[in-house]
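Protein chains: 4
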Amino acid sequence: MPLTPEQQAEVDRLRAEAQTTRRATVAALEEILYAPLPVLDHGFVRVIDYMGDDGAVVQAARVSYGKGTKKVSEDRALIHYLMRHRHTTPFEMCEIKYHVKLPIFVARQWIRHRTANVNEYSARYSILDNEFYLPAPDQIAAQSKSNRQGRGATLTPGEAARVLDLLREDALRAHRDYVTLLNEDEAGNPHDPARQGLARELARMNLTLNFYTQWYWKTDLYNLCNFLGLRADAHAQYEIRVYAETMIGTLERWVPITAEAFRQYRLGGYHLSASALAVVKRMIAGENVTQAESGMSKREWSELMQALGREG
Amino acid sequence: MPLTPEQQAEVDRLRAEAQTTRRATVAALEEILYAPLPVLDHGFVRVIDYMGDDGAVVQAARVSYGKGTKKVSEDRALIHYLMRHRHTTPFEMCEIKYHVKLPIFVARQWIRHRTANVNEYSARYSILDNEFYLPAPDQIAAQSKSNRQGRGATLTPGEAARVLDLLREDALRAHRDYVTLLNEDEAGNPHDPARQGLARELARMNLTLNFYTQWYWKTDLYNLCNFLGLRADAHAQYEIRVYAETMIGTLERWVPITAEAFRQYRLGGYHLSASALAVVKRMIAGENVTQAESGMSKREWSELMQALGREG
Amino acid sequence: MPLTPEQQAEVDRLRAEAQTTRRATVAALEEILYAPLPVLDHGFVRVIDYMGDDGAVVQAARVSYGKGTKKVSEDRALIHYLMRHRHTTPFEMCEIKYHVKLPIFVARQWIRHRTANVNEYSARYSILDNEFYLPAPDQIAAQSKSNRQGRGATLTPGEAARVLDLLREDALRAHRDYVTLLNEDEAGNPHDPARQGLARELARMNLTLNFYTQWYWKTDLYNLCNFLGLRADAHAQYEIRVYAETMIGTLERWVPITAEAFRQYRLGGYHLSASALAVVKRMIAGENVTQAESGMSKREWSELMQALGREG
Amino acid sequence: MPLTPEQQAEVDRLRAEAQTTRRATVAALEEILYAPLPVLDHGFVRVIDYMGDDGAVVQAARVSYGKGTKKVSEDRALIHYLMRHRHTTPFEMCEIKYHVKLPIFVARQWIRHRTANVNEYSARYSILDNEFYLPAPDQIAAQSKSNRQGRGATLTPGEAARVLDLLREDALRAHRDYVTLLNEDEAGNPHDPARQGLARELARMNLTLNFYTQWYWKTDLYNLCNFLGLRADAHAQYEIRVYAETMIGTLERWVPITAEAFRQYRLGGYHLSASALAVVKRMIAGENVTQAESGMSKREWSELMQALGREG
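Protein chains in written order, with numbering that gives the first Met the number 0: chain A, 0 to 311; chain B, 0 to 311; chain C, 0 to 311; chain D, 0 to 311.
No lab work stands behind these hints, which were simulated from the structure alone.
Source: prediction; values computed, not measured.
Accuracy of the hints is not assured; some may be wrong.
Stated by the list, open to error - So these bits of chain C aren't anywhere near chain B, every CB distance computed over 12 angstroms:
id: 1; residue: LEU180
id: 2; residue: LEU208
id: 3; residue: GLY248
id: 4; residue: ARG309
Said to hold, decoys possible - So the derived list for chain D, only partly shown, Cβ under 10 angstroms to chain C, looks like this:
id: 5; residue: LEU13
id: 6; residue: ALA15
id: 7; residue: THR19
id: 8; residue: TYR33
id: 9; residue: PRO37
id: 10; residue: TYR49
id: 11; residue: GLN58
id: 12; residue: ALA59
id: 13; residue: TYR80
id: 14; residue: SER125
id: 15; residue: ILE126
id: 16; residue: ASP128
id: 17; residue: TYR221
Glycine included, each C-beta is placed from N, C-alpha and C at the ideal position.
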């Protein structure tokens with residue numbers, strides 16, 4: 000269960016409060032504000048705060064007063080235009096803050112997106128709970144043969160069970176020994192008053208990378224789209240992709256027009272190289288083009304044929 | 000007058016609207032939301048949007064649920080601690096967006112602060128109004144003798160009048176010829192239908208650096224404090240300092256505890272070098288220290304003596 | 000002439016010096032190191048320093064020792080792969096520093112690329128020379144009718160001459176009055192010892208936006224490609240595009256494989272939206288698709304048809 | 000041993016090569032280029048590349064040609080002035096690239112410095128060696144009583160031995176099971192041809208946080224000083240501080256004048272708040288000031304008294 004009773008009470012309290020504001024406000028996002036959206040076995044994503052809406056993107060693009068033109072259809076066309084031409088700055092005018100609970104190995108991928116603000120739970124300062132990620136059986140897959148950084152076929156139930164046993168056993172032992180090193184229980188009370196506990200900043204090194212951490216993560220709408228475009232991609236590791244997919248749900252509540260443009264130009268699009276563009280032109284003209292004469296490598300050719308829905 | 004009647008009507012409309020939100024809301028900042036705060040002769044600063052409050056800083060520092068401890072005194076001590084030790088990330092969790100109207104030469108200094116989001120009025124796309132900055136007579140000062148990038152004594156009224164005449168005359172001519180080059184009036188109607196106007200992206204080069212531009216400028220609380228610390232400093236050029244001072248007023252409305260800590264540790268503080276620290280220790284011990292034996296340069300010594308309120 | 004005799008002597012001296020280094024070194028770039036490459040009427044670009052080469056990109060992608068694989072063909076395939084899939088971090092491992100002399104209105108566009116380091120000539124501190132940009136007659140164009148931020152047809156020679164006269168006259172007057180305000184000649188000697196000159200930080204506001212400034216500008220290879228991709232684009236203003244094109248020449252000397260991939264995937268490529276991809280698939284299948292049934296706006300349809308070399 | 004024989008051979012080969020360059024070159028840094036400087040039990044820092052020297056800082060500050068003034072004494076005064084007044088941009092003109100091998104829990108602290116470029120060894124793609132950090136016995140310390148994120152007294156030899164046994168045992172088991180999950184040896188050969196190995200991106204989650212990773216890390220001189228100032232501080236965790244201290248050694252070779260200024264103004268300095276400055280003034284005037292009347296909190300008072308070398 001991701002939230003403790005105290006945390007749940009705090010969420011309930013915050014959700015029950017209502018303030019009056021002159022700021023742009025988005026009802027669909029307010030609905031889920033503060034509420035944990037579950038991800039993986041113990042993780043979650045919560046929207047904690049936000050600033051701006053689709054109208055703020057339009058306003059920035061027009062650098063004019065108020066909400067610019069009144070017609071929603073024109074706003075939509077402008078937002079699509081901005082996304083298509085990668086005009087990034089108007090999307091930077093909106094900001095969102097999340098509270099995320101996630102396994103450490105996922106946090107290590109996530110943090111590579113540098114244009115964001117982060118405050119993470121500190122295991123120098125506090126004690127990490129005994130919560131670690133175990134993949135669901137249908138996610139326990141073999142190393143891919145074709146992609147050195149991907150997954151292949153799902154393992155058999157018997158093999159998956161063995162994997163889970165090993166992961167669980169090692170994580171449990173790691174935490175048990177972590178607590179032994181600290182000589183404390185999770186509330187910070189010493190187990191053995193005669194012994195001194197190891198410093199927290201040292202003891203934490205005994206934990207495995209599937210333990211959960213948490214952080215506040217804040218970014219602007221442009222950098223959020225970048226993050227989601229990369230991490231909701233089919234090539235992203237499943238364990239970060241499910242966070243990205245949950246966050247796309249929050250994007251759709253927050254800025255529905257931008258979310259639509261994001262699907263149209265980023266998630267669903269395809270970038271043609273100069274050679275690929277030449278190939279496409281010839282194919283439209285009815286020519287039968289082969290990889291050999293395309294000027295493209297086999298790998299790039301195969302990517303293009305896949306995007307065009309043709310056999311490579 | 001900084002706002003056109005249409006703009007003023009838009010501001011009035013936005014200020015009259017009220018939404019309900021579950022977000023942290025700051026009444027003192029809501030009071031002035033959207034309203035132009037005048038700066039220089041035609042400029043202004045308007046707060047357009049914000050996210051977070053002093054509580055968000057505390058929350059991020061604690062990476063805990065909700066508002067953390069309930070006692071305001073503890074929050075205050077924590078925020079002061081964070082500012083004193085330059086723990087920057089909790090302050091990054093708050094964000095503010097301004098609409099600013101400012102002379103181009105001020106915009107050129109301002110934009111050097113890179114950790115911010117900007118959308119500027121485009122003179123490639125639109126026509127700049129005939130609005131330019133002229134210093135008030137008491138700001139018309141001679142080149143400083145001691146500081147190559149500062150001002151010295153105020154000029155005499157007669158000299159100041161001559162300066163103003165020259166600046167005004169050249170700016171008026173620059174804009175008149177700009178309009179001639181465009182062959183348009185400010186509403187975009189051609190003056191002489193038989194002639195083609197020069198492209199806006201070219202014509203704008205004829206304007207002088209005191210013409211006003213405007214932009215949306217958005218940053219987080221940490222980078223705002225950096226900006227204000229540098230630009231509200233006595234060494235900053237007067238024309239940007241008055242913007243910073245107006246914005247410190249908005250800081251005090253928005254995050255009063257952070258603003259207090261900012262005054263205590265940044266605006267009012269002094270950084271001692273290793274040598275200066277050694278000098279201070281000896282002075283406290285009653286020694287009479289001289290520059291020659293301090294290991295400090297004359298310039299640094301003089302800065303220290305000034306900070307300590309002693310004759311150099 | 001962009002360089003003074005003193006500057007030219009300094010360039011000659013630096014170019015004559017040779018050091019021994021164990022660092023990766025690129026002979027083709029060393030050839031032009033420090034030498035000014037002329038741009039516009041008084042501007043230039045000089046490569047002042049660099050770090051890394053194509054091999055550093057490969058090395059970072061492999062996070063392995065030394066130069067990775069020995070075969071150039073494999074390095075080339077890897078760099079193309081990285082560029083195609085927008086794997087940005089290996090390109091960040093190379094760095095380049097330029098010295099650029101450019102008109103202020105170009106500098107204002109350029110500085111919007113925030114991920115770079117800049118030190119600009121300070122007109123608070125020093126006096127700007129009497130050097131301003133005047134467009135060549137074939138660049139003096141009318142406002143575009145179809146693109147609010149672009150140029151249309153070239154003006155007639157008579158009109159162009161009138162434009163040039165006006166621009167020249169106003170710039171000359173602006174500088175003459177600037178010097179009058181300063182009460183100094185360009186070497187800093189007072190014209191009239193009985194008068195005090197206006198502070199430099201104020202006097203500079205009288206200059207027009209076509210005056211030349213200069214700066215050191217340093218960025219990494221990834222952000223350089225971003226800059227060049229946007230500023231060498233046909234939609235960029237001519238006056239910044241010529242700088243970008245000159246810098247592409249330095250890119251080709253420095254990292255020839257990356258430059259080739261940059262042309263292939265960035266300059267010469269085209270990004271298909273989800274709708275455009277569906278249209279292309281249908282066209283390849285021999286269907287006759289119309290804008291009305293494409294789900295695309297007229298503007299986007301027209302952009303696609305142009306990219307495919309078809310009449311819109 | 001940090002380097003494999005193949006890696007050592009590569010280092011030797013690179014160190015034996017010499018190129019001719021016109022770039023600024025620093026002999027003292029060239030001496031150690033590519034050579035691993037050992038840190039902790041299996042880690043290292045290697046300088047891989049650099050750009051610029053103390054002269055480049057001066058050049059940027061002067062935005063002038065060549066090396067600016069010829070006198071080293073003037074350069075030194077200027078660099079000290081820039082550091083004292085936190086003029087950051089001239090220091091951004093120098094760049095350095097390191098190859099670092101470090102425990103994952105150290106990497107997690109390090110990566111919080113966002114203004115840097117990073118390429119890390121990928122455990123999605125490759126297999127991590129069986130190398131993990133174990134503290135030296137004199138570093139095995141109890142949790143501090145006074146500082147929740149610090150270390151207290153060193154444990155007794157007996158306790159330290161128990162800690163080491165536990166850490167070693169768990170790390171060995173974690174790696175043994177990691178290899179079992181992968182069904183591969185470290186060269187990628189399957190142990191049991193009849194079984195499929197778990198995907199690498201999953202198996203890695205079984206490793207503990209003291210396993211070593213490695214990365215290329217590149218930053219500019221200004222951000223390097225920020226990193227070193229924070230991480231060489233006495234409050235930094237020992238395991239990252241030793242990296243920072245080793246890197247200060249490379250700083251001193253690379254830019255000796257900047258390194259001296261860094262020691263003077265950053266490492267050895269102390270920042271006085273407004274209240275602390277008032278206290279210092281009164282103490283210099285011979286007054287006996289107490290915490291109660293200082294306007295400072297007990298904690299801040301105690302920090303100040305410690306900095307002034309007085310009993311709190």
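Report task. Please flag the earlier hints that this structure goes against, numbers listed from lowest up. Result -> As far as the earlier hints go, 1, 2, 9, 13, 15, 16 are violated by this structure, in ascending order.
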